[in-house]
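Below, each chain spelled out in residue letters.
Number of protein chains: 2
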Amino acid sequence: MPLQFAERLNKVETSAIRELFKLLGKPGIISFAGGFPDPAMFDVEGLKEASGNVLNEEPGPALQYGATEGYQPLRDQLSTFMATKGSTVAPHELIVTTGSQQALDLIGKTMISPGDKVIVEGPTFLATIQCFRLYGAELISAPIDAHGVKTDELETLIAQHKPKFVYLIPTFGNPSGAMLSLERRKKVLELAVKYDTLIVEDDPYGDLYFDAPPPPSLLALTDTVPGSRDLLAHCGTLSKVLSPGLRIGWLIAQPALLANAVMCKQFSDAHTSTFAQATASQYLKCGRMPSTLVHVRQVYAERAKAMGDALKRELGDAVAFERPRGGLFFWVRLTGAKGGIKDAGELARRAIEKGVAFVPGAPFYAENPDLATLRLSFATADVAKIEEGIARLGQALNS
Amino acid sequence: MPLQFAERLNKVETSAIRELFKLLGKPGIISFAGGFPDPAMFDVEGLKEASGNVLNEEPGPALQYGATEGYQPLRDQLSTFMATKGSTVAPHELIVTTGSQQALDLIGKTMISPGDKVIVEGPTFLATIQCFRLYGAELISAPIDAHGVKTDELETLIAQHKPKFVYLIPTFGNPSGAMLSLERRKKVLELAVKYDTLIVEDDPYGDLYFDAPPPPSLLALTDTVPGSRDLLAHCGTLSKVLSPGLRIGWLIAQPALLANAVMCKQFSDAHTSTFAQATASQYLKCGRMPSTLVHVRQVYAERAKAMGDALKRELGDAVAFERPRGGLFFWVRLTGAKGGIKDAGELARRAIEKGVAFVPGAPFYAENPDLATLRLSFATADVAKIEEGIARLGQALNS
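Protein chains in written order, with our numbering: chain A, 1 to 399; chain B, 1 to 399.
Only true hints are included.
What the simulated footprint calls covered on chain B by chain A, stretch by stretch (three residues with Cβ under 8 Å from a Cβ of chain A suffice, anywhere in the stretch; the number is not a length):
#1 117–131
#2 246–259
#3 266–275
Chain A is nowhere near these chain B residues, computed Cβ spacing over 10 Å in every case:
#4 A159
#5 K186
#6 K187
#7 E190
#8 G345
Hint data in this document are derived by calculation from the structure and do not stem from the laboratory. In this text, all values refer to a predicted model and were calculated from it rather than measured experimentally. For every residue, glycine included, the Cβ atom is placed at its ideal position computed from N, Cα and C.
Let the hints inform the model, and build the full structure from the sequences given.
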């Protein structure tokens, strides 16, 4: 007899994106599909020095079991790193997680009972949708525009659904690239207090701005909205700016939530790799992060400009989009102008044949998918590849 | 209003052991409490070479996002490592997990619906109990003796409860130190087939034998019991023999279970640190593991002998125990002889005052705890410290 699996597995679907990813092995494909940083920008020399220091200076603790809350030197460094980003966070107010994906998982495990409602942006990060559904969440989509979640409609949804929490990627969202305005940020925190509702701020991309820094994070703004700090959980990561392979993320939250997350983490993976934590800690300590950030921002800014220009040039009014001010993504809508198709899934199939790949937008919606949307990542292709890839996309649209 | 946490948190208790661990900071305490390997035995030079090779030879993939299933070179190396332990496992038949704790978590997430019954040994690994309860399992305890789980009673419990699966640590169990006999191993696999019941074999200690290798693992024995391979899931780890800080474990299971575990892992932590995986892979490739194992076995064998001798000498018939043939633990029962106490919790408190720590056995039982039991780890104290610590334990018993 086949095994009987847990009922919670019925809540998630095999991702349509996965099927598409299988096609990426085709030779010569230019891929805008991934959500990966460019490995050419990893500071390998810095990480070599950092991991060498770890095994010379602290091999015992770095190779041993560690506290579930995180390796203390890294918690100290992350506290300092958060301060450079405008947030006052004591080391004991954050825990280290195995990538920020685990921070999301721990929030789900800690907060969601089957049937609980959770509000997310429409569209939002695909893996968040599945992660929360595995814990039995019923997801409600709040609409967004180029300035992030629409706070009036968010308020209506909060009042109507009384969600367990609201999950947002306020800064250069995945997939939307949208940046929540300062005014709306304050409004979100006011809604948290007014409705006594937890807000989860996922912030993997805030460091990756182009011309000017984004508004302060929701976390940083809690100082300006009395009573909001205890209602704000914040997820951070080193994956986009340093290295995803280290799997270093963190969760900042009020004490009771953090304590329960630690208990859940104890039985999830005991603790995050102390070797990876110690390496990240040595790296942050060595002072190379600021110049790494400057470099990464500059390269992604060039690529984003190239992609925006190429989209205008090659696809014209067949597409509508806002140029992102940071992050890794363009969020594009097919307009159907001049008889072009409006089905991004169909375009994806045609595009593969022309030698370019991207991800259709539909799977990023927890409900009511917009089939005309697609996500383009400019992170891993250089300017020449971006121009060639968007030209191919134009050919696919007209094929 | 305080946050409303998920209902599943009501299933677990704050560990009594945690409270005890807080006392371990007392100066001069000799601790037999941990379940840690001795950091003095970590092959730091070997790991330095391995991580150096990673960043010289494969920095891109080792620092990038990786497949949820695991880093392919490590899957290949683990397949080879399993072969040295008598099991034929193709690389695609195993996935890498963030420590074997995550393998347990993924089994729980994949298999357990709230209310499902799971049979475990009484006593068993504490973190397994809590891990499975978080997914809503109702745990049933199967009794053990020095030869592991009693298979006649196990059969009765399987027939009665029709469990989702049976979880066993057949080789040098934690906390029991017990080694399941070859005869009983075969019987367990026959029960799996007879009752169409999944068996989960957790094997963190099998490499740590003293004088002679243990019987083949349940996994290795599936070859001898037709139909049993698909009903056997196996969890392994490098934590006890190489380094817990790498957090490298693995799960071997039939394809459908493995595929669902991969899906759950995708939303738990995306993947295990590729940097740690690549380091482990380079280490296994470099050929130092066999001599590391010889060294570790020899040191632990000496310490186990010293602890057994000291227990006989210092506590005599006030305690009953079997000498373990491998692993990290003595499992001891207070007999109450000569008017000694039979409450291991009370003894633990007295022992701390005398300068020695251990873990009482009660929390290791999912039901019907035996309050007279205690667990002593001989892993981290040298022979002189073991003798002194057991002498103190004798004083505590008579105080």
